[in-house]
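Generate the whole structure from the sequences, applying the supplied hints.
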Amino acid sequence: MPQVGINELKNGMKVEMDKEPFNIVGLEFVKPGKGQAFTRAKLKHLISGRVVEKTFKSNEKLDIADVEETQMRLLYTEQNDAVFMHDETFEQISVPLSVIGEQEKWLMEEVLYDITFYKGNVVAVAPPTFLSVEITETEPGARGDSTSGRVLKPATIQTGAKIQVPIFINQGEKIKVDTRTGEYVSRI
Amino acid sequence: MHLTSSTEHLVVKKLKTRALALEKTRAFFKARGVLEVDTPLLSSFAPIDRYIDVMQVETGCSSPFYLHTSPEYAMKKLLAMAPIDLYQLSHVFRAGEKGEKHALEFTMIEWYRKNCSLQFLIQETIELFAEFIDVSCMQTYTYEEAFLSYCGFNPLTIPLLKLQKKTGINSPHLNEHLDYLWATQVEEKFPENTLILIHPFPEFLSALAQVKNGKAQRFELYYNGLELANGYDELFDAKQLRTRLEEANRFRVQEGKPSLPIDEFFLDSVEKINTPYVGVAVGFDRLLMAQEKAERISEVLSIDTHQDPS
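Going down the list, the sequences are from chains R and X. Sequential numbering from 228 applies to the first sequence in the numbering used here. Sequential numbering from -8 applies to the second sequence in the numbering used here.
Since the hints were derived computationally from the structure, they do not count as laboratory data. Quick caveat: nothing in here was measured; it's all calculated off a predicted structure. The beta carbon of each residue, even a glycine, is placed where N, CA and C say it ideally should be. If a hint is listed, it holds; no wrong ones were tucked in.
Chain R stretches covered by chain X per the calculated footprint, using a threshold of three residues with CB under 8 Å from any CB of chain X:
#1 247 to 261
#2 278 to 287
Which residues of chain X face chain R? A few of them, derived with a C-beta cut under 10 Å, are:
#3 Asp40
#4 Ile43
#5 Lys89
#6 Gly90
#7 His93
#8 Thr158
#9 Asn161
#10 Asp170
#11 Glu178
#12 Asn221
#13 Gly247
#14 Lys248
#15 Ala272
#16 Gly274
Okay, structure coming up:
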């Protein structure tokens, strides 16, 4: 694999450390006036998401990770897989739900997802930051319930995920959610 | 007509801050009888340092020219011809140094005092700083004491293999582990709003300083995580200096860097200097950063040459 010098690193670059793929999420140049220059890097493991810190001498090199990122649309889900298609190439791939992991609760047909490939295999699927979803199940909000102090109630959305919504939201309504936190953002 | 745009207001404020700082610096030295000099940034020689890389420039001449990393060599050539007290406010250039506290091009205040002790110079540097920051709280450490206080161990006395395990740095050189520990553990842990004086240094870190009683006559000053000053009891022994420069070159070649031509005029000049001098270099932009509580050096520069955030 081609290499990149530490002093050429930029946030967002994908590199390999101990044969594992990482995304560079932070860089700090550090140098005493008369001493050796270092770069302190924050690296996020591409699959586990764990963030590690490592300090490199400025003259070191890292292997560039064979990572590709693209966007593909969810066609449908089966028992164990989700099938995506690329809008322009019409290429279709089948991604095991085990790879999708927690993000499975945000799978909705026709929606565009960020797909990350490492060495040709899908390692991550990420939903858009905000999703418009329908509330498929929730209790009606009690009128004048302000005395109890509760402002949120549980609800199920069309993907099957369970979130908290304000008590004035009713079953059948469409809302906007933040997929990073699972929080209600607004009505549509 | 008044400028009403808030961006314009911020830019003007930044320019005024910088202009006032330059004015205060000049007034400071004028009051003390130190003469301002203005030496060229361009030279056919480059200061030779293990870890400071020089920018080479195209001048239309066949031999290489360099942008100085410090006005030191030029000023010392002047001292050989005119043994007076001098200072310079100079742009300097260091290849590859780019970050929150580093810029490829930055400004140094560098000055030399004859027949003065290092203590005098330390005091004078603090007095200059007092024009910009609150220096009422100060702590002093020797180089080793700083490590002991903030790392909990003395990296100068433990075996290199053990030190390598502690730092995780891939290097056979002791000083690189020390630099790493200093930059990532010691420097960041100094108490806030406190001027930190480090003096003296171990002999092997003497750079261009005199060595007395086995200690390098060097000092550094830090404030809020910023290295602000580097001062020396200047070594003018051309033979010793030549040895140090050749050693720096050898190290550079080992690291795959180009060796640089030794400035024979510089060595001839220092031979001629008969008066003892102490000298110090201060990061002017960083001093402003300390004053303005800026997080990034770009906040105090009139124009940020490298806009690339990474």
